[in-house]
Amino acid sequence: MAVYGSMVCHPAGQFSFPRAYAARVVFGFGAGAIITHTDGDFFITDGTNPIVHVVCNLKDNFWAYSSNGYSLDWILKDWYLLTDPSPTPIPLNLTIDWQYDTTDFVWEIFFWISGWTNRYVFDLPGEWQPHT
Amino acid sequence: MTEGSLYPSFVEIDYHSAYAPHKMTIPTKQWNSGGDYGDFETWAAGAIPADEMVEALVTLMLPFFRSDVSFDGFTVFTMASVDAPAIPRTAKVLGLDGTSTGTAPWKATQATWSAKTTSGSLAKIVMLDVALSGSFERLTFSSLTPAATAFLDEWFADTNGWSARIDGKPDFFLQIAYTMNEKLRREYHMT
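Chain order of the listed sequences is D and Y. Throughout, the numbering used here is defined as the position within the first sequence, counted from one, plus 158. So that you can map any letter, position 52 of the second sequence is 35 in the numbering used here, and since no number is skipped, the others follow by simple counting.
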């Protein structure tokens, strides 16, 4: 069962994109956040309050490189808050933007929460090589 | 240039509508490094800055797209030979929005601009999510708008380096054909 709060997507939730067009995922959190991940499962620890964590799980089908198409409102499995020592997930609101990075000239998916200050960038798996 | 190949160079233009991102691939003559973004060889045996050539064409495309369509940027690729991989050589942000006030349909629509080239081959430019103002009738020379004529003049100019996949300068307008793009219709959950 997916766990997340209110989700707003730009340009739209049904914005449909080939997975191959997305070069990376980017998270918008406060300064000093510590982010670890295994494939599309991310664990974020707040930079100023280390007992506060955000869990972001992306769907496995989306994380793997493919020529499949997905919509922005489909790719997220979980997005919730954990406050140590409680194991109870607290659904968190977020915004998901499809945007063009004007420095690297690639499209990216930007997950952010209100009040974010810093970008944390993670490349999505690319086309395997050699590709024949 | 060999038949069907994008060799020696091509431009990939990134744009997105309210529904999806798209890539427009347009073959060109040889790209060479130099200046900020390099130069394309032209059909008049000259050279033109790559960003100048691409931005001029994209600017003249804007009247065919609604304002929720944005041209994000472009990348120039070169190929060392027909079978060689395409290598990205330069890229630039565009940040240009459509200006059309055309009416529906514009979701999952496709306009295909066709021209004959100076070598007798076909050149095409495909635009997705364009505003059709209710008509799927093809447009021929006699029904072209001034905006369409301006776009074609730019695409055909021998002072530019736009090309076809089978070589030759786009030179003689054939038609603009409109359709619903079935792949996009499925992607947009319209079927």
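For the record, the hints were derived by calculation from the structure and aren't laboratory data. Beta carbons are placed, not taken as given, at the ideal position from N, Cα and C, and that holds for glycine. Among these hints, one or two may not hold up.
[Claimed, not checked] Taking beta-carbon pairs under 7 Å as the criterion, some of the chain D residues facing chain Y (in silico):
(1) C167
(2) A170
(3) F263
Hint-by-hint comparison with the structure:
no. : hint : in the structure
1   : C167 : 11 Å, violated
2   : A170 : 6 Å, holds
3   : F263 : 4 Å, holds
Hint 1 alone, counting from the list given before, is not met by this structure.
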